[in-house]
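Chemist: Sequence:
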Amino acid sequence: MQWFNVGKLVNTHGLRGEVKILSNTDFPEIRFASGSKLALFSPEGNQRLDVLISSSREHKGMFFLKFKEFNDINQVEKYKGWSVKVSEEQQVELEEGEYYYYEIVGCKVVTEEGEELGTISEILRPGANDVWVVERSSDKPVLLPVIDDVVLQVDTKQQLVTVRLMEGLI
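Going by our numbering, the first residue of the sequence shown is number 30, and it counts up by one from there.
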């Protein structure tokens with residue numbers, strides 16, 4: 030079974046077993062909702078613990094979750110630094126033209142003329158649209174705004190993105 034990262038358990042909160050989660054998902058309202066199932070994975074990846082969210086709240090971009098399984102800070106303390114994941118069956122259906130991070134990161138980027146630019150290493154979310162960071166072998170990275178004028182085609186099966194470079198991008 031394949032697992033997908035949706036966050037990291039960064040700290041405990043209070044004495045009653047609440048935890049602080051740094052989100053890494055496009056669907057926090059689904060992933061961190063009361064009643065949702067998550068899996069905690071140890072940093073080494075050799076331990077997994079399935080948990081059920083009994084309560085959830087967001088504050089300043091962080092999520093404070095209470096798991097049904099724990100009622101005390103001492104029970105959750107040992108899970109600090111663990112990854113928070115969901116199984117592939119829990120993936121949300123995407124609209125046409127939408128992609129998961131794992132489908133984009135690692136894609137090769139070519140211009141519409143066929144010139145290879147590099148490989149997408151990261152996705153930034155600064156505001157109105159995402160920005161894909163393209164690592165190049167010789168120069169500094171290219172920051173590609175994810176807009177229709179720039180991103181012409183995305184082929185996740187071939188791991189290939191075709192783009193039109195606008196003036197000033199390189």
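Think of the hints as simulated: they come from the structure by calculation, not from any bench.
Glycine residues also receive a C-beta, built at the ideal position from the N, C-alpha and C atoms.
A hint or two may mislead.
In silico DSS-like cross-links for lysine-lysine, where the CA-CA straight-line distance does not exceed 25 angstroms [unchecked claim]:
(1) K89 to K137
(2) K109 to K137
(3) K66 to K137
(4) K97 to K137
(5) K114 to K169
(6) K137 to K49
(7) K169 to K89
Label-pair ranges, simulated between beta-carbon atoms [what the hints assert, rightly or not]:
(8) E127 to K89: 24 to 30 angstroms
(9) S71 to E118: 48 to 54 angstroms
(10) S167 to V134: 41 to 47 angstroms
(11) F56 to K97: 19 to 25 angstroms
Chemist: Work down the list of hints and note, for each, if the structure agrees.
Modeler: Here is what the structure says about each hint:
1. K89 to K137: The given pair, whose Cα atoms are some 35 angstroms apart, is violated under the 25 angstroms limit.
2. K109 to K137: 35 angstroms, violated
3. K66 to K137: Violated. K66 to K137 sits at ~34 angstroms, over the 25 angstroms cutoff.
4. K97 to K137: 43 angstroms, violated
5. K114 to K169: Violated, because 32 angstroms separates the two Cα atoms, which is more than 25 angstroms.
6. K137 to K49: 35 angstroms, violated
7. K169 to K89: Cα-Cα ~32 angstroms, so violated.
8. E127 to K89: 24 to 30 angstroms: About 27 angstroms separates the Cβ atoms of E127 and K89, which means 24 to 30 angstroms holds.
9. S71 to E118: 48 to 54 angstroms: Given range 48 to 54 angstroms: violated, Cβ gap about 22 angstroms.
10. S167 to V134: 41 to 47 angstroms: Distance hint for S167, V134 is violated at roughly 21 angstroms.
11. F56 to K97: 19 to 25 angstroms: 21 angstroms, holds
Consistency with the previously given hints fails for numbers 1, 2, 3, 4, 5, 6, 7, 9 and 10, ordered from lowest to highest.
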